[in-house]
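Engineer: If you read the sequences in order, they're chains A and B.
Each number in my numbering comes from the position in the first sequence (counting from 1) with 6 added on.
Each number in my numbering comes from the position in the second sequence (counting from 1) with 4 added on.
Everything labelled a hint here was simulated from the structure, so no lab data went into it.
For each residue, glycine too, the CB sits at the ideal point set by N, CA and C.
Mixed in with the good hints, there may be bad ones.
[Said to hold, decoys possible] To give a feel for the contact side, a few chain B residues facing chain A, derived at Cβ under 7 Å: (1) E52; (2) P159; (3) V160; (4) Q163.
[Claimed, not checked] Just the calculated beta-carbon pair ranges, DEER-fashion: (5) K22(B) with L13(A): 42 to 52 Å; (6) M417(A) with T168(B): 20 to 30 Å; (7) K219(A) with V23(B): 47 to 57 Å.
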Amino acid sequence: MRAKPPLKNPILRTRQALTPPMPRSRVALELTARAAEGRFALQRCESCGQVQYPPADCCRACLSEELLWAPMSGRGELLAHTTLHHSNDPFYRERLPWKLGLIRLEEGPVAVAHLHQDCAPPPASVRVTAKLDKAGRGVLVALPAGESQSMQTDPRHNEFSCDPQFRKVLVTDGKSRVGQALVHALAEAGAAVIWAGQAEPWKRYAGQDAVEKLGAVTVVPLDLTDERGVNRIGAELGGRVDILINNAELHRTEGIASRGGAELARREMEVNYLGLLRLAQAFGPAMRARGADGGSSATAWVNLLSVYALSNYPPQGTYSASKAAALSLSQCLRAEMQGAGIRVMNVFPGPIDEEWNQPLPPPKLAPERLARDIVNGLRDGIEDLYPGDVAREWVERWRQNPKVLERELAMESAAG
Amino acid sequence: MNEVLEALLAGLAADQLKVVDLTHTLSPSFPQLSLPPEMGQALPYRSEEISRYDSRGPAWYWNNFTLCEHTGTHFDAPIHWVSGRELPNNSVDTIPPERMIAPACVIDCAADAERDADFLLTRERLEQWEAAHGEIPAGAWVLMHTGWARRVNDPVAFQNYDDTGQHTPGPDVACVRFMVDERNVLGFGTETIGTDSGQAQRLNPPYPCHYYMHGAGKYGLQCLNNLDQLPPTGAVLFAAPLKLEEGSGSPLRVLALIPA
C-alpha cells in the first residue's frame, strides 16, 4: 500500500513538472516500445547467442547485425549499489537521494537499473522490469524479488506508476457497461473522487443507482459533441482531474455500402475523434500545469480505442475509421503531454461484450475484465494496452504484416 | 402608408397589441427527439466558436451552429411525412408565404395533461371548445396548450420516458380527422417534442397527426412556449420557417400578436 499523500499547502507555488533527460537512440527506442506495453526484452545475437545491454546496432561480442529482441525473465542478481546525493539534472536534483544498482541478468548482461529502496544489499536476488519513466523513456527498474506491489512503497518509484489510489478520476462515460465497470473498479482501487460523465442526463440507465451509491462518485453531465458543455466541465474540473479516462464512444456496426449517407459516420467522428480533440483542449492545459502538483498530481490520460484502429474491420468500417483517427490524434496528445510527465495510455480492446457486438460470437471481452486491465495498466504505468486474447492476436498479426491482416479481414467479411 | 398597416403599427405603439414570443431558446441541452439508436438521429443544437476577439478573428465574435431541421421550437412541412411526399409546395422553401401569418385557436388542456401525461385530445373536446368560442375557422392554427413548456428546464420531466417509451399528450385519431376533414385547419401546434402524443406509435395509424395533417398539406409546430399567454381566439401567429431547399421543417421564431 502506498501512503495517502499529505494535503498540499494551497498557497505555495505549484512546482513545474520536470522530466528526466529525453533523447534516446533509435535502437534504444526499441526497448521503450516494449516497455510501453509492460514487456522487458533485450537484443540477442542470432550468430553467437549473446544477449546485450544497452541496445546497440551490432553485437558487441561478434559484430553481427543479426539481432533479435528476446523477452527477458527479469531474474537477476544485484552485484553492487550506490546512492546518488548529487546530480546536475534538475529532475533528479528534486528527487535525491536516488538509488542505482548494477545487476547481472539471468540471460547474461550486466545492466544499471533504478533500484527500489526495499532491495536488500548485494548480493541479492532482484526482479528487473522495463518501465517508462516520467519522460516516457524505457528504463530498467530493479525491485525486491518475489514481491508484486512493492513499487508503491518507494515514493520515488511512484512516478513509474499512475496508480488511481487517492487520485481524482474523470470517466467521460459512466453510463456504458464499460463505464460502469470502470467506475466500480476505480472505486475498488481507492480513487478519492470519481466523476462519471453522462450524456443525455434525462435518460436514467440500468445500474445508475449502484453507481450513485458509491461514495466517491459524482455523476456529471458530459456530452463530447457539445463544445460549450465540454469547455464548461473542463473549467469546473480541469484543475482537479488527475486521471482522465476517455471511454465515451459512439459504436455502430456499419460499412460503407450498408448505410447511405454520412450522417452516422459523422456522429461517430463527432464523439470518437472530435470528442477527444475537444476534451484535450478543455482539460489538457490544466492537467499539464499540474504534472508535479504535490503528492496527487495529474498523472495519466486514457483513451479507449479499439484494435480496429490498427486495421479496418469492414463490418464496422466507419467505426474503425473513427478509431483510427482517434489513434492518430492520441499520438499528438501524447507528444504534447510528455513534457509534463503525463502518461497517455491507449487501450486497444477487441470486441467487447456490449450491446452493439450482440451478434458477434465469443470470445468477447467482459467490461469488468477490461476495467480491471485498465486499472492494472495505470498501476504498471503502461502506455499501450491490448486487453484480451483477440486484441493480442490482432496486434501480433498486424506487427507481422499489416497487409496480410488487411486481406484476412477482407476475406472474413466477404465470407461472413 | 396603407391604413391597415398604419393601424397595426399604431396598435403596437399604443400597447393595444402585444407581441408574445412562442419560442424556446436553442441551447445544447434543449430536449431532443430520440429514436431507437440504430436509426438515423436528429442532431441537437451545437454551437462552436469561429473566433471571439482573438487570434482566430481579432475584432469579431461568431459561431458555427449545427442542428436538425426538427430541433428546438420548429415547423413541420408536409414533405416530412411519407403521406405528404407527393404534394405540391410541400417543403419549407415552397410553402406560400401568406400562410405564415394566420389566426390561432388555443385549446387549454393544461389541467388534463397535469392529471394524465398520456392525455389525448378528442373531437368531442374540440366541439365543446367550439360551443364556447365558435367554430375553428378554415386556415387557422389549432394549438394544444398542455403546460408542457413549464418543464423545459427539467429534461427528465420534459421527455417523460419510462420503460414503455415517452409519455406526453397529443391528439387522438378522430380529433386529427376532424381538424383536417371538417375544419380544414392550417396546422396543429404543441408544446411537446412532437405534434403526436408520446405513445402515438401505438395508435392506428401510428403518429396520426403527422400522417393525416401532412397527408393533407397541413403543417405542424412543436416545442412552443408561452401558450398560456394566448387567448382562446384572437391571436395571430407569425410562423415563417427558414427557406431551406427541400427542407422538411425548420427551427423558427414563432411570434403571436394578441390584444393587450
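Engineer: Are the hints correct? Go through all of them and say.
Structural biologist: Hint check results:
1. Contact between E52(B) and chain A, as hinted, is supported at the beta carbon level, the nearest pair being about 5 Å apart and thus within 7 Å.
2. Interface hint status for P159(B): upheld, as the beta-carbon distance to the closest one in chain A is roughly 4 Å, under 7 Å.
3. Residue-level restraint check for V160(B) holds (minimum Cβ-Cβ distance to chain A is 5 Å; threshold 7 Å).
4. Taken as an interface hint, Q163(B) checks out: its beta carbon lies about 5 Å from the nearest beta carbon of chain A, inside 7 Å.
5. About 59 Å separates the C-beta atoms of K22(B) and L13(A), a value inconsistent with the hinted range of 42 to 52 Å.
6. The hinted range of 20 to 30 Å is not satisfied by M417(A) and T168(B), whose Cβ atoms lie roughly 44 Å apart.
7. Between K219(A) and V23(B) the Cβ separation comes to about 50 Å, which falls inside the hinted range of 47 to 57 Å.
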